[in-house]
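Starting from two chains that each stand alone, build the complex the way the hints lay out.
From first to last, the protein sequence lines stand for chains A and B. Heads up, the final residue of the first sequence is numbered 389 in numbering that gives the first Met the number 0, and it's a clean run with no missing numbers. Heads up, the final residue of the second sequence is numbered 245 in numbering that gives the first Met the number 0, and it's a clean run with no missing numbers.
Just so you know, the hints here were simulated from the structure itself, not pulled from any lab data. Since the model is a prediction, treat every value here as computed from it, not as a measurement. Hints are not guaranteed to be accurate.
Unchecked claim - Distance windows between CB atoms, simulated:
(1) B:S169 with A:T148: 18 to 28 Å
(2) A:E70 with B:W150: 42 to 52 Å
(3) A:D102 with B:S169: 34 to 44 Å
(4) B:S169 with A:P197: 51 to 61 Å
(5) A:D102 with B:D162: 23 to 33 Å
(6) A:E178 with B:R189: 54 to 64 Å
(7) B:T120 with A:G130: 32 to 42 Å
(8) A:P63 with B:R189: 29 to 39 Å
(9) B:D162 with A:D168: 28 to 38 Å
(10) B:D183 with A:Q199: 18 to 28 Å
Using N, Cα and C, we set each Cβ at its ideal position, and we do this for glycine too.
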Amino acid sequence: MSATETMLLANGFGPSLLVAGFRFKLPLHSAVMYIMTHIQSIRLLAACALTAIAMQACIKSEPPNPEADIESFTLPDSLLTGEVFIDQSNRKILLYLEPEAFDKGVAPVITTTKGAKVSPASGDSIFFTGGENVYTVTSASGENRKQYTVEVVSIGEWDWAFEKWLIHDKDKYQYVIEEDGGQVWSSGNPGVALSGVPKQPDGYPLRATADSESGTYAAELITLKGTVLSNLVGIKLFAGSLFLGNFDVSSAFLEPLKATQFGQPFTGKATRFTGYYKYAPGASYQDKEGNILPGVTDSCAIYAVLYTGRTRLDATNIHTSDRIIATAKLPDGSGRGHFTRFDIPFTYIPGRSATKEMMMAIVASSSKDGDQYRGAIGSRLVVDSLAIIQ
Amino acid sequence: MNIRIFIIFLAAFIATGAQAQHLEHRIQAGFNIGATAPVGLPNTIRKINSYRPEFCPSLGYELSWRPTKASEWGAAVGVKLDYKGMTTKDEVMYFHTMITMEDGSGKSEFEGAFTGKNKTTVRNAYVSFPISATYTPNDNWRLHLGGYMAWLFSANFYGNVSDGYIRNGSSLGEKVNVSEASFDFGTDMRRFDAGLQGGAERRVGKKLRVMGNLSWGLRPVFPSDFRGMDFPMYNIFVTLGVTYRI
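Only chain B is shown next, with the shape it has when bound in the complex (with noise of 0.2 Å):
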């Protein structure tokens, strides 16, 4: 339904752009770093053991529009393939969590609060569409802020507990405990992601330019309902790379 919206929206700004005296094209390409993160770690995780980036690139195509050649500001539309990864280990204390699978032969749950070591991996791939402002103050630089829609169409968010106990219920229910267990929540990801995004290029040469950007997601990545993490969580990431302009 959105995304209909977006591509006649889409339609429109080309349409009209035909008119129009300056429109730019361009290829984007980078790597997408960050964190899907709760904004502010709630009080249950302990200790961040170690970080690092998944192999995450961007990759996308961005039409933008000015009054003139000479105008500062400006408008832009985006698509991107956008990969959003992380590999993070943890130590987590009385950590809820509510686990929840189902197959053929019916549901199985089990909900308990964990105390021990994490490791968590999350790669999703998303087509987002950036649209903002941009602000060209000369040859050399731009600037552009605005939001983004993004539609997940691959995702994994998955990894393991281990050296730690869990209690059946709540923190009152009798301890177990645990060697290793694995967890994956990819399935249970939600499709759409919207946010903010803003960010500078710097010309490098003729019409190579190097780029940052900032996207922040505003939906939690997983649905309200969704019970094995109890706080939200939030795609945050930065984008290193290139635009090219065609």
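Pulled out of the complex, with its shape left as it was, chain A reads as follows (with noise of 0.2 Å):
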């Protein structure tokens, strides 16, 4: 140590480094000296303390998009029968087709999220005579691959057992196919699937019974409470359903009504609509709030409509649209201990008439207000061997 430096540590000015020929000097009586010179010194203070905060609050740079969806599949309406449906829950593309299309192959227009990539590529033909068709859709960030399969929906008999059940690979709902694997059939399971149900079949108000009136399954819809989650948007009951047509999940929560997608593409001339049910109806009545309604019995609801066009109908026009031209309604929608046939005539609407393009829809619900989110939880319906009579 230099005589100087002792003799300025002597004059109490602190210890001080000597680096590379400097001189500093560790700034203790001196700094605090200065700053109490400076009476704004406390904001000074204050001022970094919330620099601290506001740097590490920087915002990063975008994360490469992870997301890898099938956003549209467009092909000409000559070809169509019925309006392509993406099912983004199951990862199908339902094809409603033309019989020439079907023989020839298409070559759809594909839009998936931004910077993904499609293979086979947008505007590539597929064809149906061979193997299935997989579209890999791989997300911008390349971490994530979804797969989309192509499914044609033809339905050759108008008849349906309900046999061939499968089990949503993630939400663990059940859902009713053909005997080809084809999908017409939909319900309000993949809706109930976000608001935090059990992860098992029973806990969603469709699912498979072999409680039968013919084959091993019978489709069993179930009112059922609603779950906290759903108690947050209001809705306190999850009626059963079960529709020929597409779930749109998309509009789950800001339009449920028009979620349920009713209708597959007919042809011919629809006379009559049987099939069989039972139906019990459960304890307590209540509205949609959840006040128990005393007296108030609920009551199940099967219905049949025939339409014009090849957009959907919904929840919200499925009895009013101007398109419907014949409907088959069950009339009594009380309870019935054992399977009950119904035989209904379809109503056709004067001067209303058939088009080439038409749509059919058949819709149950174990509870008749189950859309307006009224019924009395616990209401069960079972239906099996359902038929549209040409």
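Quick look at the structure:
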């Protein structure tokens, strides 16, 4: 230590350092003295602290897009009997094709999530004579892949025994498929899956039951209590539903009545709607707010609606659209202890006539007013052997 | 458990202090301004649209000790009622969340990735116990640095998400449009917080001083099994106020 430094220390200037020939004072007293002479320093201190917070709050660069959706799948109208439906819940592209398009193949125009890549590419032809057509979408981030299977939907026979059921991979609800694996029926289950019900088949309002009229299985629809999460959006019960058509999950929160897309392409003349059902209404009927209404008994709904066009009707207009040409409705939705056959002739609305493009909807619900979230928890409807007689 | 040890410590400190040469008692009052926030924003937060401190008073008592009145170094302990809060509006992208709610009839759970707008309001009340080393270079200034422990007795952490969509399960799940949905994570919050704190006081009257103090929580405010937000958040607040020696 040099004499100068010793002297400095003795004078109370604090310890110093010799770095590369330069002398740095460790500003213990002096810095404090300096700050003290500046009254605004307390503000400085606060500002420093806030800056520290602000600095760590810097916005980082945008994460690469991890999403991998097919957002649209477009074919010329002339090739279609019904609008293409992308079933995002089951990762399927449902096509309703004219026979000629089925024979020759199609070249869809595809759009994906921004930045994602799809294979086969948009505009490439696909054919239905060989194996499955599977589209693979890779996200812009590269890490995520999603596969969509193309399914050509055609209803050969308009009768159903509800024998083949599958379980959704992630959410574990059941859904019914055709003998050939096709998907023509849907339900509210994909929407209920968003509300945090237990991920098991009997956590959902539509499931298979061995309590069947014929064959091994039938469709069981049960009105279930809402969850804590669904209560947050004002849903206190989930009615069991089963319908010909698709469930558009993107609308499930915003416009739930539009999520149920009723109907499948239909040709010919419908004369009667037949089937078997049994029904046990739940004990206490409740309104939308969950108040029990004494003296009110729940009832079920089973109906078929034939309408023109190929844009599907939904729960907002299935009873009121002026495209409806004929209906067949179960007149009495009260309890039935045993399987009961119904055979209802279609009632054609005078002045409205069949066209080339038509859709047939069949809708069943364990609570008739379930679309308004009214009904009785526990109401149970079982349907089997449904048919449209042409 | 911890609180009991602390009280014993405090009592011992006061008892020792009784024979010591110089004890000071102060009342502190001020406001907390800051954030309950992640340290380093995750890239899923795209934009902070607004930030507003909540009304967050801080009121406390501090006991400080120095070997002699002339001593520069000393120690202090305190007890404070601290409200810590804020309201922010931000925009998020692919934000992973899991919401778990329970009532008498069971548990319901939703996991997904949200893109859209978020509004979060935090207003928590803590009883906190700061412990500091103090440095008093002269009559005008006093600096201190130390740690704190705090117990949460009233928790609010709620808000809503809007104008966006949520994907069921993860970014590969189906997209569900959301106009508005609320969340409330208040009951999930940890009851105990601890961290570092330090600051300065300047004399402005005979017994009155203005003070600035930064407290930086080192313990995430949510437990590690909480999945509502997939990053840890900390209490980072500045107290601006006055102290009055009694």
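Hint check for R189 (chain B) and E178 (chain A) - Cβ pair distance inside 54 to 64 Å
Distance hint for E178 (chain A), R189 (chain B) holds at roughly 56 Å.
Using the Cβ atoms, figure out if D102 (chain A) sits within 34 to 44 Å of S169 (chain B).
Check passed, 39 Å falls within 34 to 44 Å.
Given the hint of 18 to 28 Å, check if S169 (chain B) and T148 (chain A) actually sit that far apart at their C-beta atoms.
Roughly 20 Å apart at Cβ, these two residues keep to the hinted range, so it holds.
CB-CB spacing for W150 (chain B) and E70 (chain A) relative to the 42 to 52 Å hint
Hint holds: Cβ distance 50 Å, inside 42 to 52 Å.
Has the hinted range 18 to 28 Å been met by the Cβ atoms of D183 (chain B) and Q199 (chain A)?
Taking Cβ atoms as reference, D183 (chain B) and Q199 (chain A) lie about 27 Å apart, which means the hint holds.
Are P63 (chain A) and R189 (chain B) spaced within 29 to 39 Å by their CB atoms?
Distance hint for P63 (chain A), R189 (chain B) holds at roughly 33 Å.
If I claimed the Cβ atoms of D162 (chain B) and D168 (chain A) lie 28 to 38 Å apart, would that claim hold in this structure?
Since the Cβ atoms of D162 (chain B) and D168 (chain A) sit about 30 Å apart, the hinted range of 28 to 38 Å holds.
Mind checking the hinted window 51 to 61 Å against the Cβ distance between S169 (chain B) and P197 (chain A)?
20 Å, violated
Satisfaction of the hinted span 32 to 42 Å by the C-beta atoms belonging to T120 (chain B) and G130 (chain A):
Roughly 55 Å apart at Cβ, these two residues miss the hinted range, so it is violated.
Given the hint of 23 to 33 Å, check if D102 (chain A) and D162 (chain B) actually sit that far apart at their C-beta atoms.
46 Å, violated
The structure fails hints 4, 5 and 7 (numbered hints given earlier, in ascending order).
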